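Respectively, the protein sequence lines represent chains X and Z. Numbering-wise (this note's numbering), the first sequence opens with residue 699 and increments by one. Numbering-wise (this note's numbering), the second sequence opens with residue 151 and increments by one.
For the record, the hints were derived by calculation from the structure and aren't laboratory data. Keep in mind the model is a prediction, meaning the values are calculated, not measured. We treat Cβ as the ideally placed atom computed from N, Cα and C, and that holds for glycine. One or more hints might be untrue.
[Stated by the list, open to error] Facing chain X, a subset of chain Z residues (Cβ under 10 Å, in silico):
#1 P311
#2 Q315
#3 F316
#4 R319
#5 I341
#6 G356
#7 L364
[Stated by the list, open to error] In silico lysine-lysine, PhoX-like type, Cα no more than 20 Å apart, as pairs:
#8 X/K950 x X/K813
#9 X/K1063 x Z/K359
#10 Z/K359 x X/K1028
#11 X/K1025 x Z/K194
#12 X/K1009 x Z/K194
#13 Z/K359 x X/K1043
#14 X/K1028 x Z/K277
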Amino acid sequence: MAVHAGSLLELKGIKKSFNQNHVLKGIDLEVTAGEVHVLLGENGAGKSTLIKIMTGAYQKDAGEVYWEGKQVQVNNPVDAMNLGIATIYQELNVIPELKVYENIFLGREIKKGGKMSMIDHKKMKKEAERALGMLGQDPKIADQILGELGIGQQQLVEIAKALTLDAKLIIMDEPTASLSGSEVEQLYDCVEQLTERGIAIVFISHRLDEIRRMGDRITVLRDGYKIETLPVKTTETDHWIELMVGRSLDEKYPKKSFEPGREGFRVENLKVAGTEAPVDFSIHYGEIVGISGLVGAGRTELARAIFGADKREHGNLFIDGKQVKIKSPKDAIKAGMAFITEDRKSEGLLLDQPLDFNIGLANMKKFKNKSNLVNLKGIRDEADNYVKELKVRPSDIDLHARKLSGGNQQKVVIAKWLCTNAKVFIFDEPTRGIDVGAKVEVYRLMNQLVDNGAIVLMISSDLPEILGMCDRVLVMSEGRITADLPRNEATQERIMKAATGTADAAEKPLIAATGG
Amino acid sequence: MSEAVIEKEKPVGEKKSFKHFLGKFGALIGLIILTVVLTFLSDKFLTVNNLMNIARQSSINALLAIGMLLPILTAGIDLSVGSILAISIMTMGIVSVNMGMSPVLGIIVCLAVGAAFGLLNGLLLTKLRLPHPFISTLGTMNIARGIALIITAAAPIAGFPYLIQFLGREFVGPIPVSFLLVIGVYIVFHIFLTRTQTGRYIYAIGGNKEAAHLSGINVDRVLIIVYTISGLMAGLAGLVMVGRVNSAFPLAGLSYELDAIAAVIIGGASFFGGVGTVWGTLIGAMIIAVLRNGLNLLNVSADFQMAVIGIVIIAAVYVDVLRQRNSKKN
């Protein structure tokens, strides 16, 4: 990706506070045409706020913005759009019921004549096809209902929309967070197409391997300050992390090995509704078992079926050799299981309730007193302990969960399950969207769980994480377990081979992003 | 950098607590302002007699509203309470007046019929998986009203025994029994919602149904309880009503559900569930009652009253919207 000379967007001394909370404390940033510029920083470093100032969603308190060398005011999103700044948000702004081309021209439909005339569907379709073609997509999808496309293609539609707006700068907030492997590849290709046309990309990502692959330059933010801008090619990943966290991390994957013990958890002949074949596997004490696979391989479905959240056709579960009957999450919890779900916001937390309520939720029975009333003080005390132990920031248990950053929200979800005294922990994408520092804390916690005699199963799409933390890797493809690899045999290649099965990864249909 | 950290923490807390205060007591402040204004406008307003009148007038809506709070907390709604009130009192009339059976049995039938229709609402929602309680309760609203008219041939029933009339008619000193009942019921609901497992689960389901389910909560069971209680409260409100007017008629309680919803919303509950309190609902019900009473004293026609209450609903929710927008920004 060639870096063209000439600054496209330049920010100088940008400051932004909310009440007295100084989020940005004088940020300088320069984006040149045709480059991929990554914003890197821990959650709460100010990345999102900075992006929102660029897109006009927030107003800066102080500082200057230059666009192609001229000072400009970006007072609202329309100003930004008129300059040529487009944004692809993590939660896509699309209407799944409408066709692709209708989405692309939503709110600025092309008319046949004056304002009151009919919509020119033909012309809109043609324009949409052209934009999709520029991204290397099949132009025919312009006429498809958007909701029928995979999440990755939906995202590309948003990028196509940016192209029809003649965007010169496209901002992407964690664009690959919910994409499968082949979808990510498609996005990489697409970004390359864009930069070749001189379009600049600013993106936020927590995946360092992807930054290495896509990025030209990185600007590291920490605590509202710009720390440094550095080229990707000539710098080490560890150096980025050091700049980001402000100290050197001892290890990215603090893997501890324990003496393997007897079998603690076994899944036998379990058939998830709608899959072809049943699944068998077991986990021993002292090991962390990972489940790898492409998005849509059926990993989350398997976890949900184990936990009783979805119906299964048949299958037996054993904890410590004893069969447990699980028909609902309630049964699962009673049997000693915990399920740290993939999506904290929609499945894990009561966002508008305080932390103590969230933490006590899955085991309220524990806090009932003799008169059968809930001992609120008991919940508060216990929640307070967990918040301190897991270093949740801020450590105020009266705060609503919504107010926390992703990493801290994840700690609250984990605290909720620790509070149930569970024995079998299923983590589904436990570190998605959380920063490096919090990731390491989650890994340490897994170690600690195993050390304390818990069973840990981790579903993850992050291969380095699977390789870094697991003693054994199960690979799933199309609802089946296609490989069971011990740590010393698990390599990226072997996992990918088992994950893609016989089918070529790139040709796999792009199915639901919510699957695991 | 440490300087900046200290700088940012303290004032945020102060601002937050002020907004917190407004959010929590906004409706109460509204009620107080309303009272002060009405005291100036009418010398008949702030008298013991009139206040007790308000207390009595508010009690039926207050009972319906506290029942309504539960479905709204779960992000649902119960449109059937007015009709359930009617069918409850008509069956009570048939049992205790037409058939001349014991008043105690009549009261039991009244409450049981209310609870049974509430249970039906809950089952329709959870077992038939109707997409939204708006639909299931819209259905039972019509069913209950229809049955109330059919079984009585649309005729009112009068001449209830004293025991049945007691709650709605009697006073302890100057205080109406119905208002004491309201206070008692509200205290029970407060304890139920804040201190019992089921009560807390109601908030959890309204906050995030899927997270609640995955946290081991039997969501269907809680929802069935919620609608059953709402129906039960409709029956209880009916009992108070019969005492007040000493008769039961099949069109009783027509559109009462809307006043109940208004009270809950004015009291600060969120239509999206998970947010709302018992005391807010009480204040909401009082605001409606005070407004009606005050407008009556000022000789404002019933038609105008309706329009005013409509404006109050919109204003109360708008204040809430503003508050939330503010807190989201920060």
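* Broken hints, by number -> Hints 1, 2, 3, 4, 8, 11, 12 contradicted; others consistent.
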